[in-house]
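Trainee: Sequences and hints are given; from them, build the entire structure.
Just so you know, the sequences run in chain order A and B.
Mapping the first sequence onto the working numbering, position 192 (from 1) lands on 192, and the numbers just tick up by one.
Mapping the second sequence onto the working numbering, position 120 (from 1) lands on 1120, and the numbers just tick up by one.
Be a bit skeptical, because a hint or two may be false.
[Stated by the list, open to error] Straight-line distance between alpha carbons at most 27 Å, and here's what the computed DSSO-like set of lysine-lysine pairs gives:
#1 Lys1249/B with Lys233/A
#2 Lys157/A with Lys191/A
#3 Lys336/A with Lys191/A
#4 Lys1311/B with Lys301/A
[Said to hold, decoys possible] Below, a sample of chain A positions facing chain B; criterion: calculated Cβ distance under 10 Å:
#5 Glu76
#6 Ser77
#7 Ala212
[As the list claims (entries may be wrong)] Per the computed footprint, the stretches of chain B lying under chain A, defined by three or more beta-carbons under 8 Å from a beta-carbon of chain A, are:
#8 1010-1016
#9 1114-1123
#10 1227-1234
#11 1255-1266
Worth flagging that the hints you see were computed from the coordinates, not collected in a lab.
All C-beta atoms in this analysis are idealised placements derived from N, C-alpha and C, irrespective of residue type, glycine included.
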Amino acid sequence: MNSGKRVPRTAGTIMVAVLVAAFLLSSGPVVPLHAQAPLKVAAVFETPIEEPWVNQIHVALLRAKKEMGIQYDWSESVKSADFARVMREYAEKGYQLITGDAFGAERIARRVAADYPKIAFVFGSGIGPAEPNFGVFDNWIHEPAFLSGMIAGKMTKSNTIGVVAAMPIPEVNRLANAFYAGAKETNPKVKCKFSFIGSFFDPPKAKEAALAQIESGVDVIYAERFGVIEAAKEKGILAMSNMSDQSALGPDTVITGPVWDMWPTVKYMVSLVKAGVFTAQDFGGFSFMSKGGSYLAPYNKFDAKLPADVKDLVAKRQQEILAGNFRVDIDESIPKSQ
Amino acid sequence: MNEILSQVFQVGFFAAVIRIATPLVFGTLGELFAERAGVLNLGIEGIMMLAAMAGFSTAFFTGSLWLGVLAAVLTGVMAGALMGLLTVSLGLSQHVSGIGLTLLCSGLSFFFYRLIFGQPSSLPKISSFEPLALPGLADIPVLGPILFNQFALVYLAMAIVPAAAFVLYQTPWGLNLRAVGENPHAAYSAGVSVTAMRYQALLVSGALMGLAGAFLCMAQYNAYTFGVISGRGWVCIALIVFGQWNPWKSAAGSILFACIDALQLRLQASSAVHLPYQVFLMLPFVLTIVGMALVSRNALAPAALLKPFRKEAR
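Mentor: The following block contains the structure:
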């Protein structure tokens, strides 16, 4: 009986609902419902996430997932041949920010990014950003590397220090050169040896390279790669870690070392995309000490072992760097053993 | 120049040579057994990787390094059996099967590592083998610290070279193995099971490759990482040709390679020679190729290498 009345009423309700829905959808971000969907962020890495460089990016993104409520998905060990495909898959699935380490696949990443101008791309790169949507970052941790060098210069007894690194690429060279420059500042007589193992992941070889340096008199060694701290520990010399606080690998061996913290970079780029104001830019500055993107690892056990004058010297220089009164020179030339 | 000489003529250099050579000796002898039976085992790189992962994980969870070594050997044996299934039973192309096995094993090692350890924020570590000074022998001047203050697995490698030579040239099993690698039809007429011999050779081959992987992750280093093998398996393939399919010469080739590798690491750290670092890293490979070109002129590969055996075929 009442059905005759009810039907048009239902139809009316549906129409209103459709109109409201259409309005909600068309009005986009202003509507709270839509804004609550988490920002979808994807990372594409060329190496396994254990690679120290990549790991720092990954850790920062995990933190963003926890603290900024983003949805974070990632692919590791994506070789150059697959890089474009994986990037495109994320882009097609509606990810709004795609990041990663691109060095080997940089041209590919840039080409794919150009096809999706509405999506933000931010990749590790030694060169510049590209309009409208390709931002870059890099590990600008030469400042804490310099501070580590200052300590090494003071702590060496043989006046011979060493660096064992992956390959002489700008990212590595500037750390090695800053380390040596720091050491020369506190100890003008110090000599530095540099070895490259030609690979990012070959700890047995890195260990042999470190042992070779130790035999030639090196007594403080900068462990740019895995495997070096183990050699230092075995031979009872001192070491500086790299990228993260690796004191746990040898509490009596690792004094400190530069730490790269990607959090300020990730936080900034995610908030830009969230706010809808992302532009292609160089995020490298967010890895400098003043922005909290890099720092000297805590001394841990060496807090009690380091002479007070060394700690004071480093603290003073650190203050000057943070205050902008001291600039660590960026020297990306290939270092030579002395 | 004096700096380099003083660096080379010291105990540390020769001890490094022995350490670098050890995984190569295991891998080379493993490959040698397979090739002398007529099977080119290009699975070597992957087998070493998977065995290294299996050995490391076992040592990590059981706390026993020797159980880890055993696990690495068994993993190698299983991979060898798979190679046998593909190339001996099914008679497939040895090149394709071997490369396929390397891809499969390296993929599996990655897969299982993630399954077992997840995404650790720092590398899981074990306390690796400590150098073991042999009582009496380690006190010999010069030679002692070089040869007899090494990891237990190094002594195993030193023992395996003469053992392999003895087994290959002085035992009926070795004769049969070489026979199926040279002329499987003749061996078959003489009552030797070609299939069984080739399988056995591949199992031994896998076991030795497993030892190579175990050494890298459990003695030379104390963790498993993805690049831990870094092409050492491929070097072994070249060293076989260099060593003319002979265990003594192949081991000598491994030591020569290790010598040049240890030397280039010392040259990099010296102030006397400044060459682009690529030149240094290239040295062991270039010299192996040059050596191979000179030495392998009169080298004859096992005649039946790469040829699957079908008893009804001629």
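Trainee: Does the stretch 1114-1123 of chain B contain three or more residues whose Cβ lies closer than 8 Å to a Cβ of chain A?
Mentor: Check passed, 5 qualifying residues.
Trainee: With a C-beta cutoff of 8 Å, work out whether three or more residues of the stretch 1010-1016 of chain B approach chain A closely enough for the coverage to hold.
Mentor: Since three or more residues must qualify, the claim that chain A covers the stretch 1010-1016 of chain B holds, with 4 doing so at under 8 Å.
Trainee: How about the stretch 1227-1234 of chain B: do at least three of its residues have a C-beta closer than 8 Å to a C-beta of chain A?
Mentor: holds (count 3)
Trainee: Hold the hint about Ala212/A up to the distance rule: shortest CB distance to chain B must be less than 10 Å.
Mentor: 4 Å, holds
Trainee: Regarding the hint that Glu76/A lies at the interface with chain B, is the smallest CB-CB distance below 10 Å?
Mentor: At about 9 Å, which falls below the 10 Å cut-off, the nearest Cβ of chain B leaves the hint on Glu76/A intact, so it holds.
Trainee: Sort out whether Lys191/A lies within 27 Å of Lys336/A, counting only the CA atoms.
Mentor: Since the Cα atoms of Lys336/A and Lys191/A sit roughly 10 Å apart, the hinted pair holds (cutoff 27 Å).
Trainee: Lys1311/B and Lys301/A: Cα distance at most 27 Å?
Mentor: Between Lys1311/B and Lys301/A the Cα gap is close to 70 Å, so the pair fails against 27 Å, i.e. violated.
Trainee: Is the hinted pair Lys1249/B and Lys233/A satisfied, with a Cα-Cα distance of at most 27 Å?
Mentor: 36 Å, violated
Trainee: Check the hint pairing Lys157/A with Lys191/A against an upper bound of 27 Å on the C-alpha distance.
Mentor: Holds, because 11 Å separates the two Cα atoms, which is no more than 27 Å.
Trainee: Once the shortest beta carbon distance from Ser77/A to chain B is found, is it less than 10 Å?
Mentor: With Cβ-Cβ at 7 Å, under 10 Å, it holds.
Trainee: For the stretch 1255-1266 of chain B, does the count of residues with a C-beta closer than 8 Å to a C-beta of chain A reach 3?
Mentor: holds (count 4)
Hint violations for this structure: numbers 1, 4, all remaining hints satisfied.
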